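**Q** Spelled out from the first residue to the last, the chains are:
There are 2 protein chains.
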Amino acid sequence: MNREEREAFARVMLDDVISAVCDAGCRVTLLCTHPFTHPRADTVVKDLGLNEALNECLANLQEPVLIIMSDLPLATPESIHRIISTNCDLAIVPGRGGGTNALFIRRPEDFHVDFYGASFLDHMAIAEEGGLKVEIVDSFRLHTDVDEKEDLVEIILHGRQNSRKFLTDRGFSLSIEKGRVAMQRDPHEEAF
Amino acid sequence: MNREEREAFARVMLDDVISAVCDAGCRVTLLCTHPFTHPRADTVVKDLGLNEALNECLANLQEPVLIIMSDLPLATPESIHRIISTNCDLAIVPGRGGGTNALFIRRPEDFHVDFYGASFLDHMAIAEEGGLKVEIVDSFRLHTDVDEKEDLVEIILHGRQNSRKFLTDRGFSLSIEKGRVAMQRDPHEEAF
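Chains as they are written, first to last, in our numbering: chain A, 57 to 248; chain B, 57 to 248.
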């Protein structure tokens, strides 16, 4: 995909995540670095790094909060519901490769985030230091963040929403190469 | 890892899967191409391809069966329990990249398997043709099969059993490279 397509695709993935979170019964606030509007979400603009911006928000929240990344197009209301229905102080969804894809924090004032690197381990350590009870949510839908070309295969296979349509409308489909599933793109469409 | 280590690691992963399945309350039968014994499992030896061997077994089974691959070292009794407690005719656990990592089949005589390639889609199609109700089990523990070096990261992060110990005993650990988690191996141990 070229830069324009990547940006459009990021926006479509965001729409899908917002739909899943809204349909799970949550009110959505987008944390942005630049002014942005969305029909189904409020917006907070903070010209800060991800951790600084989130921790500033957490310090001022008096109710449970779900932090979720916008590159999780396989999210469904059911998978979101599994996070927010935890009985623990913290529910964490590990991303592939040690990241954190979502965090449910029952008492935001008792927690701070530390994204990037092995943030799953960092968040587990922060919870342990704070004596918090943690649930690790076992979901491939929320574990699958979209970083690499191979991740698009999962969207074609398991996507139910706009992200899948975005790809199929632009000529992406599955191909079987050496017994494994790969992505191909219709030659009439822009080169992948 | 060299060939000897790979074989030993495959055996340790098998032990972990058998433990998880046994601890979920199932009786385990290993389908092997060569004679093999295991303290916690029966063995059936069939010198056939995977699909031919499994379909021969299915045709003769009168009770529900779980088919699970042996390279799923993150399997836990809880994740296995999610599959076998389905209300549907079939529960399927997709693997990363279109494969099938586990299948629970309520009436084996009504189903046949078709592994390799996009077997997730093939199994969904076979179920649809047979009018079977299907549950797709949303578990990253069972979605994560071990094919690539990067998959070992998940074992170090989320493994609870012998596969994790096998790796750490042999000098494998996590490293952070460019903000992402990777595997490293102690230079005193054999080159990766």
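In short, the hints are calculated from the structure, not lab data.
Just so you know, not all the hints are guaranteed correct.
Stated by the list, open to error - Keeping only pairs whose Cα atoms sit at most 30 angstroms apart, straight-line, the calculated DSSO-like set for lysine-lysine is:
| id | chain 1 | residue 1 | chain 2 | residue 2 |
| --- | --- | --- | --- | --- |
| 1 | A | K221 | A | K205 |
| 2 | B | K189 | A | K189 |
| 3 | B | K205 | A | K205 |
| 4 | A | K221 | B | K189 |
| 5 | B | K189 | B | K205 |
Said to hold, decoys possible - Among chain A residues calculated to face chain B with C-beta under 8 angstroms, some are:
| id | residue |
| --- | --- |
| 6 | I74 |
| 7 | C113 |
| 8 | N116 |
| 9 | P133 |
| 10 | S135 |
| 11 | P150 |
| 12 | F176 |
| 13 | A183 |
| 14 | E184 |
| 15 | V202 |
| 16 | V209 |
| 17 | H214 |
| 18 | G227 |
| 19 | L230 |
| 20 | R241 |
Source: prediction; values computed, not measured.
C-beta atoms are modelled at their ideal positions from N, C-alpha and C, and glycine is treated no differently.
**Q** For every hint, state whether the structure bears it out.
**A** Hints and how they fare:
1. Our distance criterion of 30 angstroms between C-alpha atoms is met by A:K221 and A:K205, whose separation comes to about 16 angstroms.
2. At most 30 angstroms may separate the alpha-carbon atoms for a hinted pair to count; B:K189 and A:K189 exceed this at roughly 37 angstroms.
3. Restraint check: the Cα-Cα separation between B:K205 and A:K205 comes to about 18 angstroms, which is no more than 30 angstroms; the hinted pair holds.
4. Pair hint A:K221 plus B:K189 holds up; C-alpha atoms about 25 angstroms apart against a cutoff of 30 angstroms.
5. The straight-line distance between the Cα atoms of B:K189 and B:K205 is roughly 36 angstroms, outside the 30 angstroms bound, and the hint therefore fails.
6. The interface hint given for A:I74 is violated, since its Cβ lies 20 angstroms from the closest Cβ of chain B, which is over the 8 angstroms cut-off.
7. Because the beta carbon of A:C113 sits about 22 angstroms from the nearest beta carbon in chain B, more than 8 angstroms, this interface hint is broken.
8. A hinted interface residue such as A:N116 counts as satisfied when its beta carbon comes closer than 8 angstroms to some beta carbon of chain B; here the least separation is about 28 angstroms, so the hint is violated.
9. The criterion of a C-beta within 8 angstroms of any C-beta in chain B is not met by A:P133, whose closest approach is roughly 12 angstroms, and the hint is violated.
10. Annotation: A:S135 was flagged as interfacial toward chain B, and the flag holds, the nearest CB pair being 6 angstroms apart, inside 8 angstroms.
11. Below 8 angstroms, beta-carbon pairs count as interface contacts, and A:P150 has one with chain B at about 7 angstroms; its hint therefore holds.
12. At its closest, the beta carbon of A:F176 sits 6 angstroms from a beta carbon of chain B; the interface hint therefore holds under the 8 angstroms criterion.
13. Hint status for A:A183 relative to chain B: violated, with the closest Cβ pair at about 15 angstroms, above 8 angstroms.
14. Interface hint status for A:E184: violated, as the beta-carbon distance to the closest one in chain B is roughly 15 angstroms, over 8 angstroms.
15. Hint status for A:V202: violated, given a least beta-carbon distance of 13 angstroms to chain B, over 8 angstroms.
16. Taking 8 angstroms as the C-beta contact cut-off toward chain B, the hint placing A:V209 at the interface holds, the least distance being around 6 angstroms.
17. The interface hint given for A:H214 holds, since its Cβ lies 7 angstroms from the closest Cβ of chain B, which is under the 8 angstroms cut-off.
18. With 8 angstroms as the threshold, the beta carbon of A:G227 stays out of range of chain B, its nearest partner Cβ sitting at about 18 angstroms, so the hint is violated.
19. With a least beta-carbon distance of about 6 angstroms to chain B, the hint placing A:L230 at the interface is held under the 8 angstroms criterion.
20. Taking 8 angstroms as the C-beta cut-off, the interface hint given for A:R241 is violated, the closest approach to chain B being about 17 angstroms.
The structure fails hints 2, 5, 6, 7, 8, 9, 13, 14, 15, 18 and 20 (numbered hints given earlier, in ascending order).
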